[in-house]
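Q: Build out the structure end to end from the sequences listed, making use of the hints.
So the sequences go chain by chain: A and E. If you're matching positions, the first sequence starts at 0 in numbering that gives the first Met the number 0 and goes up one per residue. If you're matching positions, the second sequence starts at 0 in numbering that gives the first Met the number 0 and goes up one per residue.
These aren't lab readings, by the way, just hints derived from the structure by calculation. Keep in mind it's a predicted model, so treat the numbers as computed, not measured. All C-beta atoms in this analysis are idealised placements derived from N, C-alpha and C, irrespective of residue type, glycine included. Do not take every clue at face value.
Chain E side only, calculated, beta carbon under 8 Å to chain A, not exhaustive [unchecked claim]:
| no. | residue |
| --- | --- |
| 1 | G14 |
| 2 | R25 |
| 3 | T26 |
| 4 | S307 |
| 5 | R313 |
Pairs of lysine to aspartate or glutamate residues, derived as DMTMM-like cross-links and limited to a Cα-Cα distance of at most 20 Å, are as follows [unchecked claim]:
| no. | chain 1 | residue 1 | chain 2 | residue 2 |
| --- | --- | --- | --- | --- |
| 6 | E | K319 | A | D77 |
| 7 | E | K356 | E | D15 |
| 8 | E | K319 | A | D80 |
| 9 | E | K28 | A | D80 |
| 10 | E | K28 | E | E304 |
| 11 | E | K319 | A | E82 |
| 12 | E | K319 | E | E396 |
| 13 | E | K319 | E | E304 |
| 14 | E | K28 | A | E104 |
| 15 | E | K356 | E | D238 |
| 16 | E | K319 | E | D15 |
| 17 | E | K356 | E | E56 |
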Amino acid sequence: MSATVATPVLEVQSVTKTYPSEPPVEALRGVSFVVGEGELVAIVGPSGSGKTTLLHLMGTLDRPTTGSVRVTGLDVADMSDRELSALRATRIGFVFQQFFLAEHERALDNVADGLLYAGVALAERRDAAAAALTRVGLGHRGSARPTQLSGGERQRVAIARALVGRPAIVLADEPTGNLDSANSQAILSLLEELHDGGATIVVITHERAIADRLPRQVQVLDGRVVEDRSSAGGPPAGAAGPVRGAPAPPRGADGDRGDAVTG
Amino acid sequence: MTGKASPSAGALAPGDLWRVAVVGLRTRKLRAGLSALGIAIGVAAIVAVLGLSSSSEAGLLAEINRLGTNLLTVTNGESLFGQPAELPVAAPGMIGRIGPVTEVQYTGAVGNVNVYRSPLVPSIDTNALSVAASSLALPSDVGTSLASGRYLNPATATEPVAVLGAAAAQRLGIDRVFPGERIWLGNMWFYVTGILNPAPLTPEIDSSVLVGFPAAETYLGFDGHPSEIYVRAATSEVDAVDAVLGATANPEAPNQVNVSQPSSALVAEADAQAALNGLFLGLGGVALLVGAVGVANIMVISVLERRSEIGLRRALGATKSHIRTQFLAEAVLLSLLGGATGVVLGTVSTAVYASTKRWTIVVPPLAWGGGLGAALVIGAVAGLLPALRAARLSPTEALWSI
Ligand SMILES: Nc1ncnc2c1ncn2[C@@H]1O[C@H](COP(=O)(O)OP(=O)(O)O)[C@@H](O)[C@H]1O
Ligand SMILES: [Mg+2]
Chain A
0 MSATVATPVL EVQSVTKTYP SEPPVEALRG VSFVVGEGEL VAIVGPSGSG KTTLLHLMGT
60 LDRPTTGSVR VTGLDVADMS DRELSALRAT RIGFVFQQFF LAEHERALDN VADGLLYAGV
120 ALAERRDAAA AALTRVGLGH RGSARPTQLS GGERQRVAIA RALVGRPAIV LADEPTGNLD
180 SANSQAILSL LEELHDGGAT IVVITHERAI ADRLPRQVQV LDGRVVEDRS SAGGPPAGAA
240 GPVRGAPAPP RGADGDRGDA VTG
Chain E
0 MTGKASPSAG ALAPGDLWRV AVVGLRTRKL RAGLSALGIA IGVAAIVAVL GLSSSSEAGL
60 LAEINRLGTN LLTVTNGESL FGQPAELPVA APGMIGRIGP VTEVQYTGAV GNVNVYRSPL
120 VPSIDTNALS VAASSLALPS DVGTSLASGR YLNPATATEP VAVLGAAAAQ RLGIDRVFPG
180 ERIWLGNMWF YVTGILNPAP LTPEIDSSVL VGFPAAETYL GFDGHPSEIY VRAATSEVDA
240 VDAVLGATAN PEAPNQVNVS QPSSALVAEA DAQAALNGLF LGLGGVALLV GAVGVANIMV
300 ISVLERRSEI GLRRALGATK SHIRTQFLAE AVLLSLLGGA TGVVLGTVST AVYASTKRWT
360 IVVPPLAWGG GLGAALVIGA VAGLLPALRA ARLSPTEALW SI
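A: Spelled out as structure tokens, the structure:
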């Protein structure tokens with residue numbers, strides 16, 4: 000493999016997901032794409048198109064009905080629930096629309112909890128949390144409770160929590176869904192900055208305008224990928240699209256690579 | 000780096016387990032407090048019952064020890080024909096010659112004589128008091144003392160003078176002695192020179208009016224036969240003395256003599272009192288059961304309400320076992336909190352009550368250890384099902400519920 004081609008962090012291959020409800024819902028009907036190290040990808044599509052389902056599969060929170068999902072080369076199908084938990088603890092960071100912060104804990108401890116299940120001692124977790132808060136521009140608000148923070152600040156805390164273990168990939172489900180447009184723009188800028196710093200990030204959104212800001216967009220509709228393109232020019236590295244051989248996405252300095260695994 | 004080996008997850012460090020276990024208690028303090036209350040009440044009841052019964056038993060035994068376990072009582076039994084037998088007049092003297100006997104005092108029941116506050120009281124109002132002639136050092140021998148005035152002495156024993164037992168004084172309405180105080184006894188006035196404190200070992204003295212032997216013979220037609228002999232013996236020889244008392248007191252008819260050890264009756268009474276507490280222990284158990292249901296209930300609700308927290312934790316990498324342990328630890332902590340509060344409450348109530356009774360405070364280890372142990376078990380049992388449910392929740396189900 001050439002040094003200019005990014006290592007795949009996430010490989011989704013012919014994935015389908017059928018919910019066994021009555022009647023059964025085919026949420027995904029054969030999805031394939033690859034996210035390389037250091038990419039910033041938007042998955043865009045209307046409500047109900049299967050984006051959240053896809054995020055859960057990428058995040059190993061659920062298993063595909065058919066097809067395969069590989070995270071950092073590890074096939075989800077081969078792993079026990081326990082191993083998947085450990086994978087999430089060390090290599091995947093999540094950001095949710097509803098933030099999911101613990102209100103009785105200060106921001107610093109919310110962020111530190113991102114490493115709670117990674118086997119890291121409390122003091123180290125707090126050090127890493129302070130660094131992560133600084134990265135999202137909230138280095139001075141570590142002792143604030145979530146209730147004392149604005150919506151934009153809360154989402155920054157949640158992003159810091161996703162980043163604190165320097166996971167191989169960060170998955171964000173509608174991260175701006177609960178924010179006004181000014182805050183949305185600020186959060187997008189932050190994600191771009193983190194991407195410039197080397198982090199691998201997948202952003203799920205139903206807003207075309209948000210997706211268009213990001214370097215690569217994977218468009219889903221009715222459980223299928225209908226388009227996969229890079230705004231920067233040709234299609235992305237490793238994309239399951241018809242065109243291959245795109246340049247590698249930008250990478251940060253080695254010390255700040257987003258795929259470092261703690262623990 | 001893209002690791003090829005699967006990462007593995009371990010258990011949380013104790014400090015971290017503590018931090019996640021207190022989340023529910025910190026965020027829902029009032030609710031947690033109320034559900035722990037049931038356990039607290041149950042444990043408090045059990046600790047207090049066991050503590051009080053131990054303290055009262057200890058108090059009673061201390062009292063018995065103070066009064067002495069070496070007192071033996073000789074009383075007249077019945078003759079072959081069912082008539083009250085008489086003890087020989089010489090019996091006290093004979094008993095006094097038994098080696099290990101250290102003290103002999105005696106009374107003689109004076110029959111057909113009643114006592115009244117004054118001659119104006121109707122003759123049927125006898126107050127169930129009895130009149131007895133007494134030897135001169137009776138109070139210290141039976142373990143009592145004078146509440147007021149003085150006891151009979153060689154001079155007053157020949158005069159119409161009386162000393163009242165504690166209950167007798169109360170029933171006659173005389174609470175202290177003053178010059179000229181007198182009672183109507185056997186159709187004449189007797190002067191009251193003393194009132195006794197209660198004599199727990201010999202309650203028959205409490206309800207007696209005591210006069211001197213010579214006075215009883217002179218004024219009340221008493222025949223001079225003792226009816227109760229109170230014998231103190233060296234503690235180690237009590238059984239040996241007990242064995243020979245009957246034959247010594249009445250050599251001609253040893254089987255017409257009853258010998259008893261008053262302290263052993265009181266010890267039996269203390270034991271019986273402790274047994275009675277089974278009922279209260281049962282009530283404490285019921286309170287604990289109610290508390291257990293409360294804890295289980297609160298944990299079920301907690302798991303339902305905290306689905307998104309569970310989902311988030313799973314996303315952060317918590318295993319099923321992490322989730323299970325968290326909720327189990329929370330239930331145990333909640334229950335232990337109630338248990339510890341109960342132990343404190345139970346101990347404090349025991350201490351307060353025991354100190355008003357001047358008992359030594361005894362809370363047996365079984366009481367507080369058992370209380371805490373019961374709380375621990377209850378927490379684990381009550382929390383098990385909710386914890387299993389929380390762990391079974393799939394991460395996506397948990398995240399979707401919001
Ligand atoms: N647990 C579930 N059981 C049954 N159907 C589901 C479940 N979750 C999602 N769906 C259905 O799957 C489809 C895709 O949902 P989702 O992935 O949430 O889409 P999006 O995030 O793009 O709005 C929808 O039709 C939705 O109703
Ligand atoms: Mg969605």
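Q: Hint by hint, note whether the structure agrees.
A: Hint check results:
1. G14: 6 Å, holds
2. R25: 5 Å, holds
3. T26: 5 Å, holds
4. S307: 6 Å, holds
5. R313: 7 Å, holds
6. K319(E) to D77(A): 18 Å, holds
7. K356(E) to D15(E): Violated. K356(E) to D15(E) sits at ~47 Å, over the 20 Å cutoff.
8. K319(E) to D80(A): Between K319(E) and D80(A) the Cα gap is close to 8 Å, so the pair holds against 20 Å.
9. K28(E) to D80(A): Not satisfied, since the Cα-Cα distance of roughly 33 Å exceeds 20 Å.
10. K28(E) to E304(E): Holds. K28(E) to E304(E) sits at ~15 Å (cutoff 20 Å).
11. K319(E) to E82(A): With Cα atoms ~11 Å apart, K319(E) and E82(A) stay inside 20 Å; holds.
12. K319(E) to E396(E): At roughly 14 Å apart (the allowed maximum being 20 Å), E396(E) and K319(E) satisfy the hint.
13. K319(E) to E304(E): Distance of about 18 Å is within 20 Å: holds.
14. K28(E) to E104(A): 15 Å, holds
15. K356(E) to D238(E): 32 Å, violated
16. K319(E) to D15(E): Holds - the C-alpha atoms of D15(E) and K319(E) are around 16 Å apart, at most 20 Å.
17. K356(E) to E56(E): Status holds; Cα separation ~12 Å.
Violated hints, in rising order: 7, 9, 15; the structure is consistent with all others.
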